[in-house]
Amino acid sequence: MVYAEYAWLIPILPIIGLLLVALLGKKTPEGGGYFAVGGIAASCFLGVMVALEYLTGGSSEPVSGTMTWLQLNSTLKLEMGYYIDSLSAVMLIVVTILCTLILVYSLGYMHEEGERKRRYYVEISLFVVGMEGLVVASNYLEMFVFWEIMGLCSYLLIGFWYYKPSAAAAAKKAFLVTRIGDILFMIGIISIFASFGTLNYRDLFTHNFIAQPVDMTLLGVGLFCVFGGAVGKSAQFPLHDWLPDAMEGPTTVSALIHAATMVKAGVYLVARSFPLMVHTPDVLLIVAAIGGFTALFAATMALNNPNIKRVLAYSTISQLGYMFLALGAGGYMIATANLSEAAAEMGNAGYMAGMFHLLNHAFFKALLFLSAGAVIHAVHTEDMRLMGGLSKKLKITSFVMLIGALSIAGIPPLSGFWSKDEVLAAVYNAGSANIWFYLLYIMGIVTAFLTAFYMFRLWFMTFKGEGKEATQHAHEAPRSMTVPLIILAIFAFGTGFILMGPDGGLPAVIRTVNLDGHLIAGETLGLGWIEKLFTEWQTWLSIVVAFSGVGLAYMAYFKKSISVDRFATGGSKKVYDLLLARYGFPRAYDWVGMKVVYGFSRAIDFFDRTVIDGVVNVISRFAVSGSGVLRKVQTGVVQTYAIVIVSALSVILILMYLLGGLR
Amino acid sequence: MLEGIPILTLLILLPLIGAIVTLLSGKDPKVAKSLALVFSGITLIVSLVLLLSFNLSAGGIFGQNYQFTEQYQWAKSLGISWIVGVDGISAPMVFLTALLCFLAILFSWDVKDRTKQYMGLMLVLEVGVMGVFMSLDYFMFYVFWEIVLIPMFFLIGIWGGPRREYAAIKFFIYTHIASLVMLLAIFAMYFQANLGTFDMRAIQAAGSLFPNGFQMGIFLALFFGFGVKMPIVPFHTWLPDAHVEAPTAGSVLLAGLLLKMGAYGIIRIAMPTLPQGASGWQWLLLCIAILSILYGAFASLAQKDLKKMVAFSSISHMGMVLLGLATLGTIGIAAGSFQMFSHGLITAVLFMVCGVVQHKAGTREMTKLGGLAAKAPWLATFMMIGFMASLGLPGLVGFAAEFTIFFATWQTWNYLLLIPIISVAITAAYYIWAMQRTIFGPLTDKIDVSHLRDVNWFEAAPLAALCAAIILFGLYPSLIFDFMRPAASGLAGLLGVI
Amino acid sequence: MIPQEYFLALASILFVIGAYGVLTRKNAIVVLMCIELMLNAANINFVTFAAFRNDPTGQVFALFSIAIAAAEVAVGLAILLNLQKTQDTINLEDIKLLRW
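Protein chains in written order, with the numbering used here: chain A, 1 to 663; chain B, 1 to 498; chain C, 1 to 100.
Hint data in this document are derived by calculation from the structure and do not stem from the laboratory. Treat the hints with caution; some may be incorrect.
As the list claims (entries may be wrong) - The list that follows gives simulated cross-link-like pairs (lysine-lysine, BS3-like), each with its CA atoms no further than 25 Å apart:
hint, chain 1, residue 1, chain 2, residue 2
1, A, Lys-164, B, Lys-446
2, A, Lys-27, B, Lys-446
3, B, Lys-375, A, Lys-164
Stated by the list, open to error - Simulated restraints on C-beta separations:
hint, chain 1, residue 1, chain 2, residue 2, range
4, A, Thr-206, B, Glu-365, 51 to 59 Å
5, C, Asp-55, A, Ile-643, 29 to 37 Å
6, A, Trp-161, B, Glu-365, 23 to 31 Å
7, A, His-207, B, Ala-188, 47 to 55 Å
8, C, Leu-80, B, Lys-27, 45 to 53 Å
9, A, Ile-619, B, Cys-287, 21 to 29 Å
C-beta atoms are modelled at their ideal positions from N, C-alpha and C, and glycine is treated no differently.
Isolated chain A, as found in the complex (with noise of 0.2 Å):
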C-alpha cells in the first residue's frame, strides 16, 4: 500500500489550491480558476491512484488511521482520520473524477463572470473538500464536517449571483430545509456515539453485537436519524423542495454539487451505515418507502415544467429516490434473511445496484447539466418554450446530450440501462420478503416511463422543432467546455460495463456485510449478466417502459401527432397546475416558516416586551413612585424630627423595660 497511507491528502490538496486562488487570484488569469483545476487534478491523481491500488490489491480488509480530535473524558474521545473500503474507494474515482471534468468546463462556463470568478473558485475549492474529506474520513463526526462545509458551499454557490432575490432565497431554503436534516443526523451520530462509545467505521462495522448488545431500540431511532440527514442532503421526500430552487446558481454547480456529488452523499451515507442498518430491518423499509415515493412523486412534477435546469433537477431527486430504493430493498433482504445466505447475495445485489446507479447517475447527470449548461451558455435563456432546432447550431452539444438521455432512460446497452434494471431487480426480490416491496416495483417501473418520456420531451424541445427568436444567435461552446463533455459522454455510454468486468467487475468489489458482520461475495457473473437478464421477464418489460415513454415524447413533441396542450385546459388543468406548483410544497415551507415559526417567535418577541419587561418597568415604577409618596415625610422642620425621635426613642426605651432588657 504505497498510496493509500496517504489517503488524508486526498481532501488537503484542494485546500493548496484554494489559498492560492485566494492569494493569487487577482493577478492570475480566470481569477485563479487555473490554481483550482490543478489542485483538484492533484488530488484526483491521487484519489485515483489510491482506489486502483485498493481494489486491485484484493484485500477486503480496510485501510485506516485516525489522530484524536477532541478527548471527551478518560474513555470519549472524537477522532479524525481517513477510512478507506471499496466503497470509499469507488466514491473516491467517481468524486474526484467528476470534480476534475466540472472544474475544467468551469474555465470556459465562467469565463465571462469577471471579478466574481475568484470567489467562485475559492467556493467550489471548499467544496471539493468536503466531499472528497467525506468519502474518506474515518468515522460520523468527520463526516458530519465535511457534510457540513458542503452545505456552506452548496450556500454560497447556489447564492453566486446573490444580487438576484431568487438565488438568496434559494440559497436560504437550501441551507435551512438540509439544515433540519443535518440536525437528525446529529441527533443520530449522538444517539450511536453514546450506545457504542465510539464513531469510527471499523469500530462500529466491527461491533459484536452478541458479546456486547446494544439497545435496538435506542440503534433504530439513531439510524432513522441518521437516513433523516440523508433525506434533507438528497433531497428526498418531504424534504426534496429545495433542490428545484437550488437551480438558481450556475449550472457547473447544479451539475457538481446538485447532481454528482453532494446529493449523493445521502446516499453515500445509507451505504455506509449499512452494517449497522442491517440491524434495523424497520428503518431499511422507510429507507425503500420514501425512496420508493419520491421516485415516481418527483418525476411527475418533472413532466410539464418548462424549465431546462429544473426539468434535470426533479429527475435527480427521482434517480436519487431509486437509489435508496436499491438500498433499502438490498438491506431488507439481508435483514430478514436470518444469515440465509442465498437471501443475503440477493439482498447484497440490491446494495450493489444501488451504488451501480449511484455510480452510472452521477456521470450521465453530470453530462445532462453540462449539455443543458452548454445550451444555455448559447441562448441565455433557461425555458425550453423559447428554445428548439438548436440540434444544426450545436451538434455535439445535442449529439451528447442525446446519449444522456439515452442512458438516464434506460435504452440499452447505455449505462443507464443496466444499473436501472439492476434496482428494480433488486426491490422485486425484495418482495418475496415483504410483501410492500411489489407496490414499490411497480412505482418504479412506473417513474421509468416517466423518466424516458420527460427526459425526451426536453430532448425535442430543445434541439428539435423550429428555431425561436433566442435560438438565432446561438453557437458552440468553447474546447473547454465540449472537451469535458465529449469525456463524459464516454463514461455516460461506458460504465455500465463494468457490471461485467474482467476480473468480476463492479459486483466483484462492492460487497456489504451479513448480520454476523462477514464479508458477502457477489455473484461476479461477467459476461453471463447479459444472458441473465435477457432471459427474464422483467428486464423486458422495463425496455419495453423505456421504449415507450420515448416514444410518446416522441409522438408529443416532435411529430406533434398528440396535442399536449389540452393537458393544460379543461379539467385535467388541475392536475397540471398542482404539478407547476409542485404539490404546493414551496407555499407549505413558506407557511410553516413565516407563519408558525416566525409568527410564534413573533408572539415571544412580544410577550417579553409587554409582559417580561413590563413587569421590570412596572416595578421600577412603584419604587419610583413610592419614593414620591415617602419623600413627603422629609418635611424639612427641624422640630418634626426631634419629635419623631424623641418619641422613637422613648419606645424604645418603653418596650426595652417592659421585657426587661434594662435589668
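Position chains B and C relative to chain A; hints supplied.
Structure of chains B and C alone, referenced to chain A:
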C-alpha cells in the same frame, strides 16, 4: 521559567497602571489611544505566556489545586487576603479577557468623543474582569465583580445610543440587585463555615458539610445572582437594551466577558461549594437552560434590529452553557466552559460586524439594508464567518462546543435532547435570514449607499484576528478543551457524577 | 445632707422642660436656650454622681460639657445671625429648605 514572578498580580496591575497613565495623559487623543493599546497589548502577551506555561497534566481536586497561586495578607482580623490563582477553567478565560480587551480597544480607534476617558474605562473594565476570573477570595471577588459594573455603566451612559441613560441605569440596577443577593449568599456561607476567612478554597472544603437545606437555599440565591449576569430567562431584559445602546466595543466586552462572569461564578463558586444544592436544583438548571435556549432563539428570529438579534442570540447561547453545566458531568461541564470561550470569540465578531454596519450604513434596521456584499465584500465575509460559527458550522469553534454539550445532554437525559436541539434550526433560520436581508439581494435604495465603504484597517484587523482564532480553535478544539477537561472532571467528581 | 434623689429629680425636671421647649417653640433662640437647659440638666447629673461616688471624673466631664456648650452657643448664634440676615426670620417653621 516563571518562578517567583507574580504573573497573575501583574495581569491585574498592568491594565490598572495603563488606566491611570491613560487617564493622566495629555490632551492628545492619539497618545491616549496608543497608551491604552500598548498596555492592553502587553497584558495580552503576558496572558499568552500564562496560557503556554500552564501545566495541563496537573490534576487534583477541583477548587483546591490552582496554579500560579499568590497569597498576601490584607485585613487579617476580617480574614480577607489577596489570593489569586488559575485553574483549567479560568486560565483560558483570562486569555480571552486580555484578547478581547486588546481587540476592543483597537476596534474603537475612531472614538472621537472623550477618547482618554473611554480608553481608561476600557482598561478599568479589564482590571475588573481579570480580577473576577482569578480571585480566590470572596471579598476580592466581590470587589472586582462590582468594579466591572462601573466602567460599563459609564461606557453605556456616555458613549451609548439615543436611549443610553435608560439602558445604563437598567443595566446597573438589575445587575446590582443580583450582586447584592450574591453578596448575602457569600456572607451566609462565610458565617456557616465559621472559619474566619473569606478564602474560597477553605470555604469550599467546608461547604460539602453544610446542611442540605442551607445548601439548597444558598445555591438558589447564588444561582439568581450569577444567573442574572448570564443572563437567564426571565431575568434577561436588561441585556437587549444594554446591547442596543452600548457602543460597539462595550457590547463586545459585555457579551464576550461580562456574561461569562455569571457562568464562571456558577462553576467556580455555586457548584463546588454547594454540591448538594447543585444536584438538588439540577432540574431547575435544566429547565432554565432549555427555556433560555429556545426563548432566546425565537426572540432573535423576530428582531428587525441586527444588533438586538445578536443580543438575543447571546441569551440562547449562554443557555447552552447552562445546559452543559446542568448535566453535572465531566463532558457537560467541560463543554459548557468551552462554549463560554467559543461564544466569547464569536459574539465579539458578531457585535463588531453590527458596529461596522451601523457605522457605514448609518442604520442597523434589517428592513432598510440589503445587498451590502456588493459594496463591502470584506464586511460580508466577516459577517458570514461570524454567523456560521454562531450557528454551529463544523470546522468553526461553535460546533465543537455545541456538539459536546448536546452529547452530554443525551448521555444524561436521552430523548430530552430533542427539545433544545430545535434551537439549532431556529438559530440557522435567523442568521441565514439576516444575511439574506442585509448582505444579499439587490443593493438597498432605502438609505444613501453612495458613500458606503468597506471595513477600515482598524476594524478589519480585530475581525480578522478573531476569525482566525475561530477557525484555529474550530479545527483543533483540543487546544482549549484540554485545559477544561481535567478541571471539569474534578468538579464532576465533587458533584458525585463521573 | 440632701439625698441624691433630689438632685436627680431637679435634673430630670430641667431636662424635660428643655426637651419640651426644643420640640415646641418656634423661635430659634428659645430653642437654643432650651438646649442649654438640657445640657445643664446633664451637667447636674454628672456632678451629682461625682459627689456621691467620690469619683472626680464626673466633675471633669461637667467642665468639658460647659466648655463645649459655650462653643456650641457661639456657633449656634452665628448661624442664627446669618439666618436672620439672609432669610429675614428665625422662625423654625419657616426654615424648611431641606424638605423633599
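Hint check results:
Pair hint Lys-164 (chain A) plus Lys-446 (chain B) holds up; C-alpha atoms about 17 Å apart against a cutoff of 25 Å. Among the hinted pairs, Lys-27 (chain A) with Lys-446 (chain B) is inconsistent with the structure: their alpha-carbon atoms are about 36 Å apart, more than 25 Å. Between Lys-375 (chain B) and Lys-164 (chain A) the CA atoms are separated by roughly 15 Å; this keeps the pair inside 25 Å, and the hint holds. Between Thr-206 (chain A) and Glu-365 (chain B) the Cβ separation comes to about 57 Å, which falls inside the hinted range of 51 to 59 Å.
Between Asp-55 (chain C) and Ile-643 (chain A) the CB atoms are about 35 Å apart, so this pair conforms to the stated range of 29 to 37 Å. Judged by the Cβ atoms, the range 23 to 31 Å given for Trp-161 (chain A) and Glu-365 (chain B) holds: they are separated by roughly 25 Å. For His-207 (chain A) and Ala-188 (chain B), the hinted distance range of 47 to 55 Å is satisfied, since their beta carbons lie about 52 Å from each other. Range check, Leu-80 (chain C) to Lys-27 (chain B): Cβ separation about 49 Å, and the 45 to 53 Å hint holds.
Taken as a hint, the range 21 to 29 Å holds for the pair Ile-619 (chain A) and Cys-287 (chain B), whose Cβ atoms sit roughly 23 Å apart.
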